[in-house]
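With chain A held as given, fit chain B onto it using these hints.
Respectively, the protein sequence lines represent chains A and B. Just so we're aligned: 191 in numbering that gives the first Met the number 0 is position 192 of the first sequence, and the numbers increase by one with no gaps anywhere. Just so we're aligned: 81 in numbering that gives the first Met the number 0 is position 82 of the second sequence, and the numbers increase by one with no gaps anywhere.
Calculated from the structure, these hints are not laboratory results.
Straight-line C-alpha distance at most 35 angstroms; calculated DSBU-like pairs for lysine-lysine:
#1 A:K389 x B:K103
#2 B:K235 x A:K182
#3 A:K132 x B:K235
#4 B:K199 x A:K182
#5 A:K403 x B:K14
#6 A:K14 x A:K358
#7 A:K294 x A:K4
#8 B:K183 x B:K160
#9 A:K283 x B:K187
#10 B:K199 x A:K283
#11 A:K247 x B:K199
Listed next, the stretches of chain B that the computed footprint assigns to chain A, with coverage defined by at least 3 CB atoms under 8 angstroms from CB atoms of chain A:
#12 115–127
#13 130–136
#14 190–204
Idealized CB from N, CA, C, for every residue including glycine.
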Amino acid sequence: MLLIKNATIVDVNSKLNGKRRDLLIQDGVIQSIKAKIDAPKDAEVWDIAGACISIGWMDIGTNIGDPGFEHREDLQSATAAAAAGGYTAVVVLPNTNPSVHNKAAVNYILKNTAGTVVDFLPIGAVSEDCAGKDITEIYDMHHAGAVAFSDGQNTIQDSGMMMRALQYVKAFDGLVLNHPSDKHIAGNGQLHEGMISTSLGMKGLPSIAEELMVQRDLYLVEYTQSRLHILNISSARSVELVKQAKSKKIGISASVPALNLIFDASAVENFDVNYKVLPPLRDKEDIRALRRAVKSGTIDIITSNHTPLDTEAKDLEFFYADFGVIGLETTFALLNTYLVDDGFSVENLITLLSQNPRKVLNLQIPEIVEGAPANITIFDPNASWTYNRKDIQSKSANSPFTGKTFKGKVLGVVHKGIVRRN
Amino acid sequence: MASTQLSTDHVLGIKYLNVDDINLIFETAENFKEVINRPIKKVPSLRDVTVANLFFENSTRTRISFELAEKRLSADVVNFSAASSSVKKGETLLDTVNNILSMKVDMVVMRHPAPGAPAFLANHIDANIINAGDGTHEHPTQALLDAFSMREALQSDLAGKKICIFGDILHSRVALSNIYCLQKLGAKVRVCGPPTLIPKYINQLGVEVSYDVRQSLEWCDVANVLRIQLERQDIKYFPSLREYAQYFGINKSLLNSLDSEVVIMHPGPINRGVEITSDVADSDQSIILQQVENGVAIRMAILFLLAAKR
Chain A
0 MLLIKNATIV DVNSKLNGKR RDLLIQDGVI QSIKAKIDAP KDAEVWDIAG
50 ACISIGWMDI GTNIGDPGFE HREDLQSATA AAAAGGYTAV VVLPNTNPSV
100 HNKAAVNYIL KNTAGTVVDF LPIGAVSEDC AGKDITEIYD MHHAGAVAFS
150 DGQNTIQDSG MMMRALQYVK AFDGLVLNHP SDKHIAGNGQ LHEGMISTSL
200 GMKGLPSIAE ELMVQRDLYL VEYTQSRLHI LNISSARSVE LVKQAKSKKI
250 GISASVPALN LIFDASAVEN FDVNYKVLPP LRDKEDIRAL RRAVKSGTID
300 IITSNHTPLD TEAKDLEFFY ADFGVIGLET TFALLNTYLV DDGFSVENLI
350 TLLSQNPRKV LNLQIPEIVE GAPANITIFD PNASWTYNRK DIQSKSANSP
400 FTGKTFKGKV LGVVHKGIVR RN
Chain B
0 MASTQLSTDH VLGIKYLNVD DINLIFETAE NFKEVINRPI KKVPSLRDVT
50 VANLFFENST RTRISFELAE KRLSADVVNF SAASSSVKKG ETLLDTVNNI
100 LSMKVDMVVM RHPAPGAPAF LANHIDANII NAGDGTHEHP TQALLDAFSM
150 REALQSDLAG KKICIFGDIL HSRVALSNIY CLQKLGAKVR VCGPPTLIPK
200 YINQLGVEVS YDVRQSLEWC DVANVLRIQL ERQDIKYFPS LREYAQYFGI
250 NKSLLNSLDS EVVIMHPGPI NRGVEITSDV ADSDQSIILQ QVENGVAIRM
300 AILFLLAAKR
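With the rest of the complex left out, here is chain A (with noise of 0.2 angstroms):
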């Protein structure tokens, strides 16, 4: 049983939004919300004095190195990290070895976490081992419990076979995701085509390498009547590209990373690869119309882009070192940092990182009332924290923030009758 008390409630879906309760927590269902619960004998109290609580978190396009590349993140560390970072559920991509391209591999990831504090949501590979070539069994994931079908990392170049999965779905209703960009163009491309690629004589990857394949794959959603998802775009034409789709009710949403939002394509000017990332850190521009577009609903969900890498990979010469940042243990605190002074609320943030992922999964959304299994988030926008090397909970340290203060701690999650406390 657990009393948590004093809580700021941050739910726009409810009418407690912004009140201040108490909630009883027993068996993993909220029992009772008041505004002062005295503790029950046995009750474990938690008093966050204020602080907020909303319901649980969800992260979508999450890499795990779990099969294959334990040794950058698995389930567990993955776990501890997502709870860490204020989740209760995170959308993993099928980019392991072997790729999450069959039933046993969807098996494998919904049965090693069914016991933990964060839902891991598996997407399935839309080919075999996520290599473009032959179609995986979609109808079959999706029975086993895959929530969507990407390549993840690897984009579905060959428009007959992104045609046919978008087609294939709609046997089931099911949603595409694709992450844009056109390898023809992009080649390889090291950091966001511009002034700096060029300043440092290295290859850059143009935004039309992205906006070329978001366009087509607007044309197919629209062509075949299904659902996309176009995973982290980057560039302000790819934004005005969907938010012309979106006006003719094609069923499409669009994400960003938190750090696209952030910085640009100056971080990288001396070679530093922790922001060395797909979608590459582009203009000021393109932030400006990112931002924009969040605000507008244009684009749904805030994702953390969460790569993990170890320093093999990722501690080496910039033209050598992989692409990818950790980010699920810092996202809402980089968000609420940076965010908040540009028009950004917390509560719209909250929406973002909550409700939005849900929606565009077609997944029901938790609630904060009485009856209602506990799935929350405990996170207090004022505090500040500092991300040390040895808070670290991912496998991996690939981050740019470490050593970082932050203004936005998550305290904890609570989810499944199990409390993780930070």
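Coordinates of chain B only, in the frame set by chain A:
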């Protein structure tokens, strides 16, 4: 009052040097150029300083030029090249270099295929680093010797002079370092070559872009003609060497048809008959061999100035 010390502990790129640094290197190089034309070419400036030449990429002239510069300054020299090393056994750059540094090396001259590798090294180890070319990023000593040679050939400083860089700009560290260096010295810089070999945003660095070789030759005082880097091209950027030579190469009849006499430079090694024909390379207008001579003096100057800061 001219400065007497470099502003940096490393020469990672022209980007990181200021105009005073460049002028100081030129002044020092002029002195060394006089030294290397003496009957006794050796001076004791770098006695007891150990320099490691780490070449992770093939090089003949740059490596020999550095080695000569080091030996003429009486440094102790260790040579390392990727072909004969443990790099092929999968050792990382950091391990390789740390091993060498454990043997008490003071300065490292490094050529490496990855842009930013010398900067990576400078962040991790305690030695003066000289970038001898990092992938498609920078080749600062080449740019300095190029600018030094241009000053000599034009018998004036470079402010207001028009320099055109011809050829494969996309894959060239020489182009980028040249642009930075020449702009710092006040020259006007243009690049000219096939559109597929010119980075889209190069104009944001403040250079002009042209695809017309004749018109560019008419415009410039100095033509710095780059080597076509076939080894760096992962895909085809132009259809054939034959077509390249015909439409973007420089030959003697083209030069003769111009009103003015352009100084011709090339960082070597030359693909004779591709970017320039032999009669151009060997003509009186060409200062290609002076560039090589000046290279030793420039490298001596840099080694000397960095050692002076230790």
